[in-house]
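Here's the letter readout for the chains.
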Amino acid sequence: MAIEEVRESSLPLERTFSLRSLLGARVLSKNGKVIGKVANVNIDRKTMKVQGLVIMCSPLFKRIYIDQRYFERMTPESVVLSIEPSVLLRGKKVITHEGQALGKVRDVVRVDHSNTIRALTVKPLFRGEFSIAIKDIRLIGTSVILRENYHAPASVFWKRKSG
Amino acid sequence: MLRHLFFGKENPDETLTSDDILGKEVIDPEGGFLGVVEKIHIDAKTVDITAFSVDKGFLKKGLLIGKGYVERITPHAVFLRIRPVLNMRGMKVFDYEGRKVGTVKQVVLRGRKNRLKHLVIVSGVLRKERIIPPELIKFVGENIFLNQKKGDVLKQGRGS
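Chains as they are written, first to last, in my numbering: chain F, 1 to 163; chain W, 1 to 160.
With a cut-off of at most 20 angstroms between alpha-carbon atoms, the simulated SDA-like pairs for lysine to any residue come out as follows:
#1 K33(F) x K100(W)
#2 K138(W) x V34(F)
#3 K135(F) x N115(F)
#4 K92(W) x M74(F)
#5 K149(W) x N31(F)
#6 K92(F) x R83(W)
#7 K92(F) x H76(W)
#8 K92(F) x G141(W)
#9 K33(F) x M88(W)
#10 K138(W) x G32(F)
#11 K30(F) x K149(W)
#12 K30(F) x G141(W)
#13 K100(W) x P76(F)
#14 K149(W) x R26(F)
#15 K104(F) x E25(W)
#16 K33(F) x S82(F)
#17 K149(W) x F71(F)
#18 K46(F) x L19(F)
#19 K33(F) x E30(W)
#20 K149(W) x R73(F)
Think of the hints as simulated: they come from the structure by calculation, not from any bench.
Take these sequences, add in the hints, and give me the full structure.
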């Protein structure tokens, strides 16, 4: 059945898509990682514009909220982000410049709620966790590679985390 | 204690032994672990190292990496200066808008170099094979993004 349009300055109907079709759409990071599926679309009450998406990350049913400023492209089938969500760094391997594995990322310390990383908390196997500042990180890719001049604090090799 | 017999100006303290290299992890520039060094290949005439065999794990096909692709050897790992294109096998292929086009079934190289000739992908329920030339690839990360829309890609991508 044809839909009669009643509008003034907004986009023509054929250039829009319904929010319902977005639910369940695949969400991809900048690197092509499949993050999960759209669970909810959040709208600003005043401006009635899309503010962000709640994404259900498949394996553990964990949900993350992504601000619309981090969207790059959006179709009813998928949403491509312009970032690699830093919260997904948990579990990544951390290696030194020389290739020595220090442990895995346990937590990501961010600037407020943004995607900017302030530090990473790393948990070595059988040892206490320690923190690595963003200035000591050379590259975040498949693993987190540290800068050449970074030396893991010696105390972490025998001290347990206090408090 | 070994006694050194060197003909030229070689410094024994700056050399590595095969024991220093064998069993080391091989890491690409993104920090991806490719496997461990299994063998060192030596030119029979010049007695120079030419390549390293990488064991990628149980039931996985090994990889032979030329010396020129090695960036540095550290006490813990061998770092490569390239990301082997052969690792694109099994990656998902998405179009410009994030629609899934298929999965990489085969990576065809130009000669024996780390240069891609084309990808063979399988798409759809019928797993139809299609060829994706490198010009269509926009970005390779965890998966592959193409620079065109799915409809255009499927029109161009010839069946193999």
